[in-house]
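Read top to bottom, the protein sequences are chains D and G.
The first sequence runs contiguously to residue 288 in UniProt numbering.
The second sequence runs contiguously to residue 276 in UniProt numbering.
Keep in mind that a hint or two might mislead.
To spell it out: a stretch of chain D is covered by chain G in this simulated footprint if at least three of its residues, at any positions, have a beta carbon under 8 Å from a beta carbon of chain G; those stretches are [stated by the list, open to error]:
| id | region |
| --- | --- |
| 1 | 25-39 |
| 2 | 61-74 |
| 3 | 260-273 |
FYI, nobody ran anything at the bench for these hints, they're computed from the structure.
Cβ coordinates follow ideal geometry from the N, Cα and C atoms, glycine included.
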Amino acid sequence: MATKASRSAARIMMAPAVVLLLGWMLVPLLMTLWFSFRNYLPLRGGDLGWAGFDNYVRFVSSSAFWPSIQATLVIVGSVLVITLVFGILLALLLDQPMWGQGIVRILVIAPFFVMPTVSALVWKNMFMDPVNGLFAHLWRFFGADPISWLSDASMPSIVMIVSWQWLPFATLILLTAVQSLDGEQLEAAEMDGATKLKRFYFIILPHLGRAITIVILIQTIFLLAIFAEIFVTTGGAFGTRTLSYLIFQRVLESQNIGLGSAGGVYAIILANIVAIFLMRIVGKNLDN
Amino acid sequence: MARAVTSRRKLINTTAAWAVGLLIFFPILWTILTSFKTEAQAIAAPPLFLNFDWTLENYGVVMERSNYARFLWNSILIAGGSTILGLLVAVPAAWSMAFVPSRRTKDILLWMLSTKMLPAVGVLYPIYLLFIQLGLLDSRAGLIIVMMLINLPIIVWMLYTYFREIPVDILEAARMDGASLKSEILYVLTPMAIPGIASTMLLNFILAWNEAFWTLNLTSVNAAPLTAFIASYSSPEGLFFAKLSAASTMAIAPILILGWFSQKQLVRGLTFGAVK
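Okay, chain D solo, but in the shape it has when bound:
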């Protein structure tokens, strides 16, 4: 039993973290909310007064809004599908007995540790450059015309770069889940004559359910916010302007703080919808 003294000590020990995070959350959030209702243009006279819901209406009615939502959904959706499908296959493969398992694991995980600006630039130049990139060499080798990846196939290119970064994350978490699978259950099913496909569908996949959900939720939150990958490759051109990037441009490039802040509020709401589901799962886990 915790004593009264240790309880108050505990409160004091928790205080710095709680106060700091509270400030970090509330101060900017309230400022964003405030700005979103103002006509705030630092380069054209500063704060020009109350705007009501104008910024919110203008943000969604601008011609850039729906394309940005579409770009966001395409990137998040495609990367999720790619990383999950290949992540599951890779996790199952890496779980098999083999020589040099540790080294293969390291090779597969490595991309996760590469900083986003590096992976984006390496892919952009050394692989996707239409003249000197490796893909251009490969295409010419097979007698095809090289593709200008980041302008003509901008979306697939970004999806490819981001998937490469996140595949290790999905694989690692799914592998951890696969390794906790009860081998005897699988053997019993095998003896009862269940085919490989059936064993996968009825035993392995349900067992992975939780890990899959977590991968989806965590990746979604990070993918909604990808920035550097677009910043150094297309700069938001060729249909790759996501919601995050649109807000960034409104705020820092065109310095329309009111409009950008309204966009920011939309982004916060969007992220929170996803976050609620994640918190539920994590919260349930705390009870055990």
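Since the structure of chain D is provided, determine the placement of chain G on it from the hints.
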């Protein structure tokens, strides 16, 4: 019961896994190889794999041209500083939540996690403005604070999951023997907590090192770390593949090595203990 595996099956597994592993690793391998080529060899058609004249020239050029040491130093200071500061704040918090839990502990933990979900772009301008007002723009101190705050939830969570695994009986035994709170922490808890703290440090250092939203938006010259250093290569001048590769290799090498040590902790840290 271990399942009997024929060596033929094992050979197939090994071949497949190595092929996929090398394919995934290839962009990194290619970057490292290209960093040792001359610019002409870097764009040679057909591409040269190992049959080129290895040179260290690019590393010299990159270091000379861009003051690499300063970016590296900034990265180390920002990632290291934010990690240490974060631990100072998080260790007491996680300790009290793990050992003196109250009815609100779960809510506080989940609330902390929720601050991590706040999209950075939503609060970009307020932070930018506050940084200008406080004179923190393009300062290492400012970035250390921001990095600490964005990773604080992860640090608290990781530490919490580690601390919870420490058996409480030991603490109670120490209390019976008359140990004060101070000696309880110093002599009983600390030795058992060190592995968890070390892994938390490692993961946090990696996350802070690679963070590329705040580092790109809140720095320009003085406090710019390696993420910004690399971003400056996005507008190329002339032949630059080999130099880009050398710069990239230098930016990722330290973290690749640290990262390989932290594979296991990565899962725990990034799933908030939900996958074990």
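Hints, one by one, checked against the model:
Under a criterion of three residues with beta carbons nearer than 8 Å to beta carbons of chain G, the stated coverage of the region 25-39 of chain D is upheld, 7 such residues being counted. Counting residues of the region 61-74 of chain D whose CB lies closer than 8 Å to any CB of chain G gives 0, which falls below the minimum of 3, so the coverage claim is violated. As drawn, the region 260-273 of chain D meets chain G at 9 residues by the rule of a beta-carbon pair under 8 Å; at three or more, the given contact holds.
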